[in-house]
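Please model the entire structure based on the sequences and the hints provided.
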Amino acid sequence: MSTSSDNGSVNAGPGKGGQNTPSRHHANHGKRVAVVRSKRTLKQKLQWLSDHVRNEWQLYLMLLPTIVWFMVFLYKPMYGLQIAFKDYSIFRGVAASPWVGLEHFELLFTNDQFVRAFWNTIKISALNLLFAFPAPIILALMFNEILHATYKRAAQTIVYLPHFISSVIIAGIVITAFSPSVGVVNTVLSWFGIDSIYFLTKPEWFRPIFIGTGIWQEAGFGSIVFLAAIAGVSPSLYESAVVDGASRWQMMWKITLPSILPTIIIMLIIRIGNIMEVSFELIILLYQPATYSTADVVNTFVYRQGLQSGQYDFAAAAGLFNAVVAFVMVIIANTLARRYSKTSLW
Amino acid sequence: MNWNLYSRGDKFFAIVVSVLIGMFTVATLYPFIYIAAVSFSSGFAAQAGKVVLTPIDVTIEAYKYILFDRDFWMSYRNTFIYTIGGTVMSLIFIIPAAYALSRPQLLGRRFFNLFIAFTMWFNAGLIPFYLNMRDLNLLDSMFGIILAFAINAFNIILLRNFFEAIPQSFEEAARMDGANDFQVLWKVFIPLSKPAIATITLFCIVARWNGFFWAMVLLQSQEKIPLQVFLRHTLAKLSDDEEFAFTQLDAAYSAETVTAAIIVCSIIPVLLVYPWIQKYFEKGILLGGVKE
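Line by line, the protein sequences give chains A and B.
The opening position of the first sequence corresponds to residue 48 in this note's numbering, with each subsequent residue numbered one higher.
The opening position of the second sequence corresponds to residue 1263 in this note's numbering, with each subsequent residue numbered one higher.
FYI, nobody ran anything at the bench for these hints, they're computed from the structure.
Check before you lean on any hint, since a few could be wrong.
To spell it out: a stretch of chain B is covered by chain A in this simulated footprint if at least three of its residues, at any positions, have a beta carbon under 8 Å from a beta carbon of chain A; those stretches are [stated by the list, open to error]:
# : segment
1 : 1347 to 1358
2 : 1361 to 1367
3 : 1371 to 1383
4 : 1410 to 1422
Short derived list, chain A residues pointing at chain B, Cβ under 8 Å [to be verified]:
#  : residue
5  : 127
6  : 152
7  : 156
8  : 193
9  : 223
10 : 234
11 : 332
12 : 349
13 : 351
14 : 353
15 : 367
16 : 370
17 : 372
Each residue gets a CB set at the ideal place from its N, CA and C atoms; glycine is no exception.
So, in structure tokens, the structure goes:
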């Protein structure tokens, strides 16, 4: 990163001035002067720096705790990632454990459970993209058509709510509602003479339930971004459409949707960037050995192998693989976003 | 958009949309109503799958049961400690850091911004984080939970963006009066940024109140766990084996009604602060969503 030079040009007012003025004055005095000048500049720079620190030390003091925190809690674990290439033993610690090269990764890629978890992650993400991604867009378009302000406000208040509910409670609700004896789902099925199904032990039901739950929890909240985009559409577009005799339905398709398309594409890119990110907290709460075949994702695999079975090095390798794939996806997504719109994600 | 100018087709369309929104709203609300109904039903009625919309054989036995459960109250208390302590801790870190990062005279500003934002795109993952917590001796520590989850990059960036938008003249005026950075932050920036700080505070409160995964992994002592982990233990009993306990079919409460009662008790505080949440989060999500 070209930090120092950037800061020089932006901030180093006095230093820069001191650098330029003498050089203009003594431009034709030859080498001797040039040496003196650079010495003076260095001295001036140091002087400027010490002045800067004397004047602005409070800023650095304010930033310091956060920087230390990031180093201790987020960057130090990155250093600890090396155990993915080591035969990690608790007693030796991270640094002293012997290197084993790519052994864990070789084991990983031949591990059926891991390969399955990897594909499950992709599949669940793809299903999310297909079903959960359009939901908030549709919802926002519909909210936009509602004229009654109070009704709209009340509906919005309610549909945003599940976003703020913890995954444990969500899981509690799902487990209760889908339970074979208590659950309302089976009660309703029984009205139609369908036998009770123990949904949460059926691999084929896991993904529909998981994705449905996600839509229920996040579609409302997700619509906020699109509603904001809709609010930015110029009213004159609608006014001239009214003059042309267009119906609301036509305006939705011909004006609203194309106008928010940039937002949709940016959100889509972000989602593709987060493809490795599946809300594994909820999966941990909802899955069980019977449904591992469709429910187990990389993070839940890491959790079981590492935190439950204590194979830290092997699990760290799986986690590292996940993080690298995720990182690459984010980079690709950002490049796409930058190409697509002038505003990149960072 | 005026109803009177709508054609018949438009009116029909608007009505259909209103009905669909209504259905989605009801569908969003229904699970909560259902859980509340289960919590007020008798164990027998719940076990027999009779509860659909309203409580059957109305009783408050499930609530009585948790009322006298010491572990429940302890976990409830702990959640308050984590929420209040954690949120205060977050603000102590985030506000000064966001201020420093928003000042153009800060050397290495680009580097520090990248240093913080990078953690949004890459993190070491569960295992190294866990081992690090163990090396720091923060396993099974309430303080560890409060400290280790105090900051996230997103909140710093959100507040920094807000601070950057404050006109320079405010700061200059305070400087004229001889204010130092701490005074400028305290007397100028914080009062001007109440909505942004309120947003971040609410984000922190909600995240802390709902946080469960790391509390489950890091805390072993029963007397330190928060409500969400307590609920998780109850759920685990419930889903691990369906036949669990409750052979008496006339029981006034069952595992399900007790679970439902715990769920209701842990949602109520969220509902109480929800009006404030709603006031600020829409702004917040749009503020922070713009870019790093």
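Hint numbers not upheld by this structure, sorted from lowest to highest: 6, 7, 13, 17
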